[in-house]
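K.L.:
Heads up: the protein sequence lines correspond to chains A and B, in order. Using my numbering, you'd call the opening residue of the first sequence number 822 and step up by one each time. Using my numbering, you'd call the opening residue of the second sequence number 172 and step up by one each time.
Hints in this document: simulated from the structure, not taken from any laboratory. Check the hints yourself; a few may be wrong.
[Claimed, not checked] Which residues of chain B face chain A? A partial, calculated answer using Cβ under 8 Å:
no. : residue
1   : V173
2   : R176
3   : A209
4   : A211
5   : E213
6   : L242
7   : G267
8   : G337
9   : E338
10  : P368
11  : G417
12  : R421
A quick note: this is a predicted structure, and the numbers were derived from the prediction, not measured. Note that CB positions come from ideal geometry on N, CA and C, so glycine has one too.
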Amino acid sequence: MIAIIDYACGNIESVRSALGRLGCEYELTADPARISAADKVLLPGVGNAAEAMQHLRESGLTEVIRGLRKPVLGICVGMQLMCLTSEEGLTEGMGLFDCRVRRFLPEEGIKVPHMGWNTIGNLEGKLFKGIPEGAFVYFVHSFRPDLCCDTIATCRHGSTLFSAALKYENFYGTQFHPEKSGGTGAQILQNFLAL
Amino acid sequence: MVAKRIIPCLDVKDGKVVKGIHFVDLKEVGDAIEMGVAYAREGADELVYLDISASREGRGTFVDLVGRIALGIDIPFTVGGGISSLEDASRLLDAGADKISINSAAVAHPELITRIASKYGSQFVVCAIDARCIDGTWRVTTHGGTRPTERELFSWAREAQERGAGEILFTSMDHDGTRSGYACEQLARLSEELSIPVIASGGAGSIAHIADVLTRGRADAALAASIFHYGQIRIPELKKELQAQGINVRI
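In isolation and in its complexed conformation, chain A is listed as follows:
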C-alpha cells in the first residue's frame, strides 16, 4: 500500500491518477498510523511553500515523516518542504535534505516560472534506472533547490544549474513532476515503487 499524504495542498488528483495508471494500490491519508504502516509514502505539493509547510505542521505530520524509515518521495513543493529552508515565504523545512531552496534570479530571456519540459542529467541511483541522460521531464516552479551532496539529478534553466532530484537515505525528492512526465515519469515512479 502506498500512502499519499493528504494535507490539503494542491493537486493530489494527478498523483492519484498516475498511481492508478501504474495499477498500484494507494490511499490518501493524514493518519500517522496509516502513514507509518504504508510500504511507500508520497508527499505531493503545489502552490506556496510557506503555506504548504504551515499546513503540514498543523497536521502534526512533520515528526511522523522525519521518523519514517521506508522510501518517501516528495514531489515539487513536497520535496522543497524536505529541504532546510525555502526563500518562498522564508520558510524552514523539515531539513531531511542538506539543501536550500532559492528563487530563480531574473535573467535576460529566461522566463520564470520555469515551466515546461527540460532535460535532466548527472543521474544517479535506482530512481533513474533505465532513464537516459538528457531525458525530458516536466517542471513548473519559481524556486529551485541548490546543488548539494544529496543531488542525484541536475537541470539547467538559463545560467542556473539546480537539483532536479535529491536523495538522503530513504528520502527522495523530485523538483519535476513524474506524474506529468509521460513515459519517462511513469518509469521513475515505477522505479520508486520498486525500491
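Place chain B on chain A using the hints.
P.N.:
Just chain B, lined up with the frame of chain A:
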C-alpha cells in the same frame, strides 16, 4: 534549456471536441479523451481543453470530463471556458486539472487572477487574452472576440502578470481561423515585456508558421487546433522539422 512546447487545443462542447472558425460553424471532430491520449502519445507537450458549452448541464459534463482526462493523460493539461469564480477554479483543480485559463471573467474582475493565484499558486493560472487590432490599437476583446473592451493588450498582459498569472495565452482574433500565421510582432513584444511564459494562439496553418512564432515571435509555446485535428500537421513530423531548424523541442 527548457523546450518550446507544442499544445493542441481541444474545444469541447457537451463532452465532444468541436472546432469552428471564429467560434461559429462548429463541426464535431472527435472524443475528448481519445484525442488527448492520441496527442500525448504523438508527442504533444501539453493540452488545452476549452469548454464552450453554453448550458449549465454542459458545464457539469465538463467537470466530469476533466476527471476522466486526469485519469487518462500523463502530460499536463489546462482547462478553460466560463471560469468566473474561485469556486469554479477549485472544482476543476479537485477534478484533476493542472492549470486553469481565465479570460472574460478576469477582464471583468481582475482580482480573480489574484485570488486564484494566491490560493493555488501562479503555476495554476493561465490568463487567456483575446485581442484584435482596432484603429491601430490592440484591444482586448471578450465573448469570443465579439466585444471589444477599453483594455489594451500589452498593459493588460502586464497587469495579469503582476496579479499572479503564471502564463499568458494570447489569441489574435484577427489571425484566429485564418491559417495565415500567428501575430508574431505582438507576440514578440509580449515576450519582451513579460517575465512569464507566453503561449501563441490563432493563425497556425503550416509548420513554417509554428517555426516562425517560436523564433521571430519569441513564443514559449505554440497552440493550434484545426491543423492538428484534421491531420494536416502531424506532431512527430512537426517536431522533427522544428528540431532540424535548430529549435529546441522535446522528441
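K.L.:
Run every hint past the structure and note whether it holds.
P.N.:
Outcome of the hint check:
1. V173: holds, 5 Å
2. R176: holds, 5 Å
3. A209: With a closest approach of 13 Å, the A209 (chain B) hint is violated.
4. A211: Because about 7 Å separates A211 (chain B) from the closest Cβ in chain A, which is inside the 8 Å limit, the hint holds.
5. E213: violated, 11 Å
6. L242: Where the cut-off is 8 Å and the nearest Cβ of chain A is about 5 Å from L242 (chain B), the hint holds.
7. G267: Cβ of G267 (chain B) sits 4 Å from chain A, so the hint holds.
8. G337: The hint holds - G337 (chain B) has a Cβ within 8 Å of chain A, the shortest such distance being about 5 Å.
9. E338: holds, 7 Å
10. P368: holds, 5 Å
11. G417: This hint is violated: G417 (chain B) lies away from chain A, its Cβ roughly 16 Å from the closest one there, beyond 8 Å.
12. R421: holds, 4 Å
Checked against the numbered hints above, the structure violates hints 3, 5 and 11; every other hint is satisfied.
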